[in-house]
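Enquirer: Chain residues, written in single-letter form:
Protein chains: 2
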Amino acid sequence: MNVLIVYAHPESRSFNGAMKDAAAVTLRSLGHEVTVSDLYAMAFDPVVGAGDFTGERVDGDFLSVAREQTRAYESNTLAADIVAEQHKLERADLVILQFPMWWFGVPAILKGWADRVFARGFAYASGRKYDTGMFRGKTAMVATTTGTSADTYAPDGVDGDILAVLWPVHNGLLRYTGFDVLPPFVAYMPGRVGQAGREAYLDDYRLRLRNVTRTPPLFFHPAEDYGPNERLKPGVKARSAVQRNF
Amino acid sequence: MNVLIVYAHPESRSFNGAMKDAAAVTLRSLGHEVTVSDLYAMAFDPVVGAGDFTGERVDGDFLSVAREQTRAYESNTLAADIVAEQHKLERADLVILQFPMWWFGVPAILKGWADRVFARGFAYASGRKYDTGMFRGKTAMVATTTGTSADTYAPDGVDGDILAVLWPVHNGLLRYTGFDVLPPFVAYMPGRVGQAGREAYLDDYRLRLRNVTRTPPLFFHPAEDYGPNERLKPGVKARSAVQRNF
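Protein sequence lines correspond, in order, to chains A and B.
Everything in the first sequence is counted per the UniProt record's numbering, starting at 1 for the first residue and increasing by one.
Everything in the second sequence is counted per the UniProt record's numbering, starting at 1 for the first residue and increasing by one.
Chain A extracted, bound-state conformation:
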């Protein structure tokens, strides 16, 4: 497999950095090719803006992001840093997003990687989402750390089910663009578990990665479960992380 690890932490010796390194070593030892996008080391610019479009704009006076992304993708005039990441994504069979949970989501530098790189035309288009998404056949996984306990992320926990908290990433970014999404690997409070606890997390993570091709993806309702209004058909029981019948 070709694996892309997108890594977002400002401290290379952080536990996120250790997870990234463990993944790269483990996957390479299995014969996979691993590419790492170290967003902080790259000083990746996360802000969508006019600079993303190097060619003639559809409308130079009014910035419609979706429209300009589509034109620029089709005319090969997206900014070079975006194109470089798109090429990595095209080659990848497995994408791992490695980040610390900040405010129940990805750090801004990783959000902006998605905002800019998952451009319209490249990552989605009319009629190309979910089961017909552009990245059909690819697999993705979140690997993250938290500042609070596993209990807080239980379905009845104060922070909400970890799969609900990650829904915007799992369903919104990854499944939307066609990926199969593996269950996340979550290291809860690595700063509070001691060195042995951290080593145990890394061992668990290595094991997860050794079994990555045999891990069933998370469930998302297939297209045929939805009616023409994109709501679950009568009789289909909602069983994803956040969807509900009512």
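Hints should not be assumed to be uniformly reliable.
Remember, identical chains collapse to one label, so a pair may be satisfied in a single copy or spanning two.
[Unchecked claim] Listed below are the simulated SDA-like cross-link pairs for lysine to any residue, each with C-alpha atoms no more than 20 Å apart in a straight line:
(1) Lys233 x Thr148
(2) Lys88 x Ala43
(3) Lys138 x Val36
(4) Lys233 x Ala154
(5) Lys237 x Asp151
(6) Lys138 x Arg128
(7) Lys233 x Asp151
No wet-lab data here; the hints were simulated from the structure.
The structure displayed is predicted, hence computed values, not measured ones.
Using the hints, position chain B against chain A.
Expert: Relative to the frame of chain A, chain B by itself:
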């Protein structure tokens, strides 16, 4: 009231810009004081990093974000752009986050505003979260636009309940830091509803804002519903947007 609108769109003539302007005019006409943080116009830097800390670091060789934020907040050595936003937050009774939904979440520039400005020590600390949050007594609201229909954001919709999609913002960022969180104002697909439809959205939004002090906040379980493990006590029926008994 003192109102802070945090606005994140690269095009000032966008519908998000129109919503921001409508809010400022409406709230000022009611006698409120309105401050706008126009993150794109400010070229706000959304990337947490060593530059956030202008004084002596706890550890100059290893960047622990939470630790350095705490020290820098306490010693008044956070970067000036962070401090300026913190002062706006301190003065605000009502905070409105105005943004287009990009990949089921806030644009990176707004995520980074949260990552940097909601620093440990200022926005949270040991024992200071949710009902004991730092911003207790303040109110917040999301105002957003989408690229897909209201049906897709229904509880049984393909994108998931809008309140589930916004859970990381509502519960994770706002309720966590003590805000009362009002129901979001969502303009679905403003690009597809025509000029009359957009005017209708703006009228609805103005009405929401005229009633803002009389609008009941979203429900979040109070602290007494949770046991010592931060999970709902036996017998408490989960009734927030994503929590579930099981």
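Enquirer: Does each hint fit the structure? Answer for all of them.
Expert: To see whether the hints hold, each was checked on the structure:
In this assembly of identical chains, Lys233 and Thr148 lie within 20 Å of each other by CA distance solely across copies; the values are 18 Å between and 37 Å within a copy. For the homomeric pair Lys88 and Ala43, the shortest alpha-carbon distance inside one copy (17 Å) is at most 20 Å, but the shortest distance between copies (28 Å) is not. With identical chains, the CA atoms of Lys138 and Val36 are at most 20 Å apart within one copy only, with a shortest distance of 17 Å there and 42 Å across copies. Taking identical chains as interchangeable, the C-alpha atoms of Lys233 and Ala154 lie at most 20 Å apart only when they sit on different chains, with a minimum of 13 Å there against 29 Å within one chain.
In the homo-oligomer, the alpha carbons of Lys237 and Asp151 lie at most 20 Å apart only across protomers (17 Å), although the nearest pairing inside one protomer, at 27 Å, exceeds that limit. Taking the shortest Cα distances, Lys138 and Arg128 sit within 20 Å of each other inside one copy (15 Å), while across copies they are farther apart (42 Å). Taking the closest pair of Cα atoms, Lys233 and Asp151 come within 20 Å of each other only across two copies (12 Å); inside a single copy the shortest separation is 34 Å, beyond that limit.
Of the numbered hints listed earlier, not one is contradicted by the structure.
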